[in-house]
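> One-letter residues, chain by chain:
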Amino acid sequence: MAGSKIEQTNPDKWDMVISPQRNLLDLRLRELWHSRDLIMLFVRRDFVSVYKQTILGPLWYLIQPLLTTIVFTVVFGNIAKLPTDGLPSFLFYMSGTLIFSYFASCLTKTSETFVNNANLFGKVYFHRLTVPVSILISNLIAFGIQFGFFLVFMAYFFLRGTQLHPNWWILFTPVLLLMMAGLGLGFGIIVSSLTTKYRDLRFLVQFGVQLLQYITPVIYPLSSMSPKYQALIRLNPLTSVVEAFRYAYLGSGSINLLQLGYSFAIMLIAIAVGAVIFNRVEATFMDTV
Amino acid sequence: MSSTVIQVENVSKAYRLGQISSGTLSDDIKGWWAKARGKPNPLLKIGQDDHHNREGEYIWALNDVSFTVEQGRVLGIIGRNGAGKSTVLKILSRVTAPTSGSVKVKGRIASLLEVGTGFHPELTGRENIYLNGAILGMKRAEIDRKFDEIVDFSEVEQFIDTPVKRYSSGMYVRLAFAVAAHLEPEILVVDEVLAVGDAEFQRKSLGKMGDVAQQGRTVLFVSHNMSAILRLTQEAIVLEKGHLAIRAASPEAVDYYLSAKDARAGERIWEKDEIPPAAAPFRPAALRLLDQKGQVVETVRSVEPFTVEMEYYLDAPLTGLRIGLYLNSARGDQVLTTFDTDEGARFEKYASRPAGHFVSRCEFPKDLLNDGRYILGVNASSYRIRRYFMDEKALAFNVDTSGAPGMQWSEPRPGALRPRLEWKIEKK
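Top to bottom, those sequences are chains A and B. Using numbering that gives the first Met the number 0, read the first sequence as starting at 0 and increasing by one per residue. Using numbering that gives the first Met the number 0, read the second sequence as starting at 0 and increasing by one per residue.
Treat the hints as calculated values from the structure; they're not laboratory data. Treat the hints with caution; some may be incorrect.
Reference excerpt, derived from the structure (chain A facing chain B, CB under 7 Å, subset only) [stated by the list, open to error]: (1) M15; (2) V16; (3) I17; (4) S18; (5) D36; (6) L40; (7) K122; (8) Y124.
Every value quoted in this text rests on a predicted model; they were computed, and no experiment measured them. Where a beta carbon is used, it is the ideal one built from N, C-alpha and C, also for glycine.
Whenever a hint applies, use it, and build me the whole structure from the sequences.
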């Protein structure tokens, strides 16, 4: 607290006021920014601790998406013969899984914030959002590793002469990731705050994410659906992001700015609602957990 | 010139008793749905109306508490279990918010509510110093600067790159305390953490706390140990059932606390409303101090044996029940602990007790205690299964040493025991 010395000259100036009321929309971002060292240490803790005492260690970051992609390729591509817009089914599924699982892991891990850290939160105060934010960052790093892996496969298919059409929309990737992170964070903190009271939601989240994957164009292109279903699937804010990601790198799929704007709006609403619930719960959740 | 660094204004905190809501979403929805249709909540017990249920479920852990702390003061906080000490600390350390009222603080506040929070067993000592430091509010650069000092203080430099899960519990605690002790906050909140570690380390820790106060920082110290309160604080507040009972110089506050009515003369009888529902099926009736003739007394003579009896009811049979007596000096130092089934044969015989009315009687031999005031605590538990009932300060009594060995000298004799020991003096 560099400022405390100066403030002591003014007897009416307090550094901190603890009271029952607080502005529910205020996420105290400045305080969060001051906690950046802590966020980075949480990220580091997650990386170091998760794969300790495993034989393959960080290789798991690559094995998980690889196996999912292979299973999808075999089951949906080779057995069910779902269309993939003329792309190699392997790349098609991998691109979808990659971006979707970034959202999915942000959501599921964030949704456990309060319950998993009850012990810690019960004893020390630090900005509670440092935990979800560190989760977004750890997952982003994991995504980065997997993304590099994806590029290797892309290059491999490209060199074998497959027609791929990466384009300038690639530059839009950070925005897409931001949207996925925002959606994961927003819904994650809503669920997380509610699970302090209702443990049911933990199961619902695991299950819900699996279901969500089927109404997101991960294993099928949006264009393959009849207009009636397309309209339904477009209601899912993840749809436009997955489609745009695939379009940018593989040249199939679609970019629909209106649709992306819709997803962005949903993200903002989720974060705002999340912030309100989070702030309410944060103040007293130790009494309920 | 000192300025106020903590200002607690009319702080109250209500907790809901028992289960919070029904715990599952579907049950809550059923409740709301029933209410919306104007029907009684199907999940409430019969005969328990909605209003009563809600009113009765709140307990005021703190009720309109106000106090201020000046910079550089060491303030003790005393009170029985459940008096609201921990709640004050939790609110100050922002772990939970008050229900009403406000707290204003100047400077960084750090609590040692429990050392080692946030330690991750898989991480090394070094990594944990950084992580724990950051959780407690230190910047990375600050930890870098103090790193060597922390390691020195913790005495674990050899193992600093070993995961802490391989540490002994002593090493773990030392490292954790070392981090916390180097926080250098303007305000330090300490809750009996000094009870951990070996004697040497405790001495160091107390010294560190003294240093903190010397440097003009403010310390709030919560303890059951009256000697520690007297030694470390100049001033103390006493909390009683969520109210601030008194604020005074430490010796006065300690006296007030010790003489408070909660430890009665010679006999402690538990009224129905004093027995926590969680004690069932155990139901305490009375704890009595009896002299040789079987009369309830407040003062026992050290040259005579005395008896302590605990009378209680069991509303259901209990397995493994043991009644324990804790004898402490009034200043909070432990003298002894004893259980009614300590003896092997009795332990076998009373492996389980049927429902009914019981008395467990313990005879204390003569020539045991030194003069002074003592506190008897009582406890009913099944080892490693459950604690049914506990009252740490059930009864207070005095010991009179007239006729005891060594009374020919009028000097005070330190120590809680005054046994009559066999001395032999030989001339060689």
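> Taking the hints in turn, state whether each one holds.
Here's how the hints hold up against the structure:
no.	hint	in the structure
1	M15	5 Å, holds
2	V16	5 Å, holds
3	I17	4 Å, holds
4	S18	4 Å, holds
5	D36	4 Å, holds
6	L40	5 Å, holds
7	K122	4 Å, holds
8	Y124	4 Å, holds
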